[in-house]
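Student: Sequence:
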Amino acid sequence: MYKMWQGFDPKRLMVGIFAFMFALSLVIHFILLSTTRYNWLDPDGNAARVSTSDALTPMPASR
1 MYKMWQGFDP
11 KRLMVGIFAF
21 MFALSLVIHF
31 ILLSTTRYNW
41 LDPDGNAARV
51 STSDALTPMP
61 ASR
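Its first residue numbered 1, the sequence shown is counted upward by one per residue in my numbering.
Since the hints were made in silico from the structure, they are not lab data. Any given hint could turn out to be false.
[As the list claims (entries may be wrong)] Restraint ranges, calculated between C-beta atoms of paired labels, are given here:
no. : residue 1 : residue 2 : range
1   : A61       : F30       : 38 to 46 Å
2   : A61       : S34       : 52 to 60 Å
3   : V27       : P60       : 39 to 47 Å
This one's a predicted model, so the numbers in the text were calculated from it and none came from an experiment. The beta carbon of each residue, even a glycine, is placed where N, CA and C say it ideally should be.
The whole structure should be built from the sequences, with the hints applied where relevant.
Tutor: Shown next, in the form of C-alpha coordinates:
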(Lines of atoms letter the chains of each structure in order from A and count residues from 1; the text may use other names and numbers.)
(Lines give C-alpha, C1' and ligand atoms only; values in the text may rest on other atoms or scores of the structure.)
Protein backbone atom coordinates (compact mmCIF):
# COMPACT_ATOMS: atom_id res chain seq x y z
CA MET A 1 0.00 0.00 0.00
CA TYR A 2 2.83 2.44 0.77
CA LYS A 3 4.26 2.01 -2.74
CA MET A 4 1.08 3.50 -4.20
CA TRP A 5 1.89 6.87 -2.58
CA GLN A 6 5.35 6.93 -4.11
CA GLY A 7 3.72 7.69 -7.45
CA PHE A 8 2.29 11.00 -6.20
CA ASP A 9 4.20 14.21 -5.69
CA PRO A 10 3.19 15.46 -2.21
CA LYS A 11 3.65 19.13 -3.10
CA ARG A 12 1.38 18.95 -6.17
CA LEU A 13 -1.11 16.83 -4.26
CA MET A 14 -1.38 19.37 -1.42
CA VAL A 15 -1.78 22.27 -3.85
CA GLY A 16 -4.50 20.36 -5.69
CA ILE A 17 -6.35 19.52 -2.49
CA PHE A 18 -6.10 23.15 -1.31
CA ALA A 19 -7.42 24.48 -4.63
CA PHE A 20 -10.30 22.00 -4.63
CA MET A 21 -11.27 22.78 -1.02
CA PHE A 22 -11.11 26.54 -1.68
CA ALA A 23 -13.31 26.25 -4.77
CA LEU A 24 -15.76 24.02 -2.89
CA SER A 25 -15.97 26.48 0.00
CA LEU A 26 -16.67 29.37 -2.38
CA VAL A 27 -19.45 27.42 -4.07
CA ILE A 28 -21.02 26.49 -0.73
CA HIS A 29 -20.87 30.08 0.55
CA PHE A 30 -22.41 31.52 -2.61
CA ILE A 31 -25.20 28.93 -2.47
CA LEU A 32 -25.90 29.90 1.13
CA LEU A 33 -25.85 33.60 0.28
CA SER A 34 -28.46 33.04 -2.42
CA THR A 35 -30.99 31.72 0.12
CA THR A 36 -33.12 33.97 2.32
CA ARG A 37 -32.67 31.84 5.42
CA TYR A 38 -28.86 31.69 5.49
CA ASN A 39 -27.96 35.07 3.96
CA TRP A 40 -25.89 36.68 6.73
CA LEU A 41 -25.25 39.87 4.73
CA ASP A 42 -28.94 40.80 4.60
CA PRO A 43 -30.60 39.28 7.68
CA ASP A 44 -33.99 40.95 7.04
CA GLY A 45 -34.20 39.70 3.45
CA ASN A 46 -34.86 43.20 2.09
CA ALA A 47 -32.29 43.15 -0.70
CA ALA A 48 -34.74 41.90 -3.32
CA ARG A 49 -37.65 44.01 -2.02
CA VAL A 50 -36.18 47.49 -2.55
CA SER A 51 -38.42 49.43 -4.90
CA THR A 52 -37.38 52.24 -7.20
CA SER A 53 -39.63 54.73 -5.41
CA ASP A 54 -37.62 54.22 -2.21
CA ALA A 55 -34.42 54.96 -4.09
CA LEU A 56 -35.82 58.12 -5.72
CA THR A 57 -37.27 59.93 -2.70
CA PRO A 58 -36.15 63.57 -2.55
CA MET A 59 -33.94 64.84 0.20
CA PRO A 60 -35.51 67.09 2.84
CA ALA A 61 -35.18 70.84 2.32
CA SER A 62 -32.21 72.41 4.04
CA ARG A 63 -32.64 75.32 6.44
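Student: Quick check: does the Cβ-Cβ distance between V27 and P60 fall within 39 to 47 Å?
Tutor: With a Cβ separation near 45 Å, V27 and P60 satisfy 39 to 47 Å, so the hint holds.
Student: Are A61 and F30 spaced within 38 to 46 Å by their CB atoms?
Tutor: Since A61 and F30 have Cβ atoms about 43 Å apart, the given range 38 to 46 Å holds.
Student: Mind checking the hinted window 52 to 60 Å against the Cβ distance between A61 and S34?
Tutor: Hint violated: Cβ distance 41 Å, outside 52 to 60 Å.
Consistency with the previously given hints fails for number 2 only.
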